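So the protein lines, in turn, are chains A and B. Per UniProt numbering, the first sequence runs over residues 1 to 186. Per UniProt numbering, the second sequence runs over residues 1 to 307.
Hints in this document: simulated from the structure, not taken from any laboratory. There's no promise every hint is true.
[Claimed, not checked] The following label-pair restraints were derived from C-beta to C-beta distances: (1) A:V144 <-> B:N168: 25 to 31 Å; (2) A:Q57 <-> B:E289: 36 to 42 Å; (3) A:D46 <-> B:G268: 50 to 56 Å; (4) B:E112 <-> A:R184: 42 to 48 Å; (5) B:K29 <-> A:A103: 15 to 21 Å.
[What the hints assert, rightly or not] Straight line, CA to CA, 25 Å or less: simulated DSS-like cross-link-like pairs of lysine-lysine: (6) A:K185 <-> B:K102; (7) A:K140 <-> A:K123; (8) A:K68 <-> A:K124; (9) B:K102 <-> A:K123; (10) A:K124 <-> B:K102; (11) A:K68 <-> B:K211; (12) A:K68 <-> B:K207.
Values in this document were obtained by computation on a predicted structure and should not be read as measured data. Idealized CB from N, CA, C, for every residue including glycine.
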Amino acid sequence: MNTISLDASHDADFVRQVEAESGQNLSLCYQCGNCTAGCPYTSFYDIPVSQIMRLVQAGQRDTVLSCKSLWLCATCESCTTRCPNNIDVARIMDVLRHMARRAGHAPEPAIKAFWDSFLDSVKKHGRVFEMGVVAGYMLKTGRVLTDADLAKDMLPKGKLSFRPHPIVGRQSVIEIFKRYHEERKS
Amino acid sequence: MSATYAYYPGCSGLGTSAEYDRSTRAICKALGVGLVDIPDWSCCGSTPAHTVDHVLSCALSARNIAQAETLDVAGIVTPCPSCLTNLKTASHRMRDDAFKGKVESLLGHPVENRLPVMSVLQLLAEAIGPDRVAGKVVRPLTGLRLAPYYGCIMNRPPEVMEFDDCENPVAMDRLMAALGAEVAPFALKVECCGASFGVARRDVVMKLSGKLLDAAEDVGAHAMVTACPLCQMNLDLRQGQINAANNARHDMPVFYYTQLIGKALGLGDESLMLDKLVVSPARVFHTMEEAQRAAFQRAESQGASVA
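Please take these sequences and the hints and turn them into a complete structure.
Encoded structure:
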């Protein structure tokens with residue numbers, strides 16, 4: 001286990017920022033471990049969610065923002081639902097992901113590539129085009145054989161649409177993304 | 001039912017969950033629920049949007065809420081739990097004026113945020129109710145033992161979703177029981193299936209969905225019944241991958257609850273699209289019909305002996 005010198009590495013701004021962006025009071029967490037006990041992803045995490053909560057309290061910005069767990073959280077809401085102090089833990093995990101993204105961390109590049117490809121598709125067509133998302137993901141990751149074994153089940157069922165379903169108001173969706181990126185820059 | 005609802009189909013309904021969309025529309029019609037598609041609806045951004053930014057995610061949902069506000073409807077309904085979560089979270093957070101202002105600024109126009117949002121499951125469970133559904137059943141599902149699987153976010157977090165029990169939901173159980181089906185005590189009703197990690201981290205889905213299939217088999221279920229397109233896809237389409245990864249031999253059909261309601265109401269194959277399921281339900285329907293025949297014969301012979 002890593003030892004941490006709190007005096008040397010406590011980032012008070014980080015703690016304040018997580019509280020402000022998530023609207024949660026971090027000091028309410030008393031490490032009961034309920035969030036970790038219920039988290040289906042713990043066995044895939046590098047740091048369990050209750051320890052992430054403790055590390056955030058301790059202002060350990062870099063350790064938290066560079067961990068894999070943030071990208072493996074599926075927002076299943078188990079932690080939030082079971083927190084005895086009504087802390088919206090899943091929302092904190094989401095906010096940490098936002099911050100990790102802005103800081104340029106992506107220790108699970110395939111997951112980031114999939115999400116990015118999904119949003120590219122929304123921006124482009126207004127609605128997600130499933131085939132396009134997977135194609136975009138393959139381009140980003142080079143994993144061209146992803147789920148190739150499913151084709152034999154999917155194609156005969158006609159469940160995959162080969163064409164996107166663009167909406168009339170496509171431009172209004174593009175504008176939402178544009179304004180978002182402009183705000184981020186300013 | 002005189003009220004009409006704005007219907008948000010969700011993107012997967014155009015492809016991988018076409019049978020969910022089709023059967024949802026068919027049973028709503030059969031049960032007298034009026035649905036009007038939200039005009040020119042767009043994607044809610046699903047999980048990828050809220051992992052990037054909360055205002056962006058809510059703005060994508062708010063566009064659809066605003067589009068629905070142009071209709072004369074009692075509320076917004078959607079079959080998909082992921083769309084539901086995004087719509088409800090947007091609606092919930094926009095009760096805060098400052099946050100609403102930020103959303104409107106990205107959206108480029110105001111949104112009233114006055115319409116209630118709910119799942120089609122909630123609408124059927126509360127506005128129609130199992131008793132009225134039972135009254136319309138023409139082909140009961142007696143002898144079919146089901147593991148009801150709600151997925152992780154239909155009912156959680158309870159402050160936002162405001163529907164059923166967050167640890168032990170029963171809405172779908174009651175509807176299935178109303179069809180004559182037997183509902184198995186399935187402990188993993190709200191456990192996550194691995195969500196959208198099937199593409200980028202298949203190992204996650206193999207483990208989590210594998211556990212769900214194991215648990216359904218352990219309680220003697222003939223089939224699972226779901227309310228979520230992603231859960232259904234992980235459990236049904238990926239069942240072969242799961243068997244290979246976990247050295248298992250599951251052959252468990254995974255229905256949408258709407259397909260089973262439709263079947264019991266006597267709706268035709270065209271509206272139920274049972275042929276879209278990867279694991280064929282033919283075997284379990286055969287078992288169900290055999291059980292029904294045997295029960296009928298038992299009753300007849302008992303009747304004869306009494307006479």
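Here's how the hints hold up against the structure:
1. A C-beta distance of roughly 43 Å is found between A:V144 and B:N168, which places it outside the suggested range of 25 to 31 Å.
2. Roughly 59 Å separates the CB atoms of A:Q57 and B:E289, a value that falls outside the hinted 36 to 42 Å.
3. In this structure, A:D46 and B:G268 meet the distance hint of 50 to 56 Å, their C-beta atoms being roughly 51 Å apart.
4. Between B:E112 and A:R184 the Cβ separation comes to about 27 Å, which falls outside the hinted range of 42 to 48 Å.
5. A C-beta distance of roughly 51 Å is found between B:K29 and A:A103, which places it outside the suggested range of 15 to 21 Å.
6. Annotation: proposed proximity of A:K185 to B:K102 holds, straight-line Cα distance about 16 Å (limit 25 Å).
7. Straight-line distance between C-alpha atoms of A:K140 and A:K123 comes to about 17 Å, which keeps the hinted pair within the 25 Å bound.
8. With a CA separation close to 29 Å, the supplied pair A:K68 and A:K124 exceeds the 25 Å bound.
9. Taking the CA atoms of B:K102 and A:K123, the gap is near 19 Å; set against the 25 Å cutoff, the hint holds.
10. At most 25 Å may separate the alpha-carbon atoms for a hinted pair to count; A:K124 and B:K102 meet this at roughly 23 Å.
11. At most 25 Å may separate the alpha-carbon atoms for a hinted pair to count; A:K68 and B:K211 meet this at roughly 23 Å.
12. Restraint check for A:K68 and B:K207: satisfied, since their Cα atoms lie roughly 18 Å apart, inside the 25 Å limit.
Checked against the numbered hints listed earlier, the structure breaks hints 1, 2, 4, 5, 8; every other hint is satisfied.
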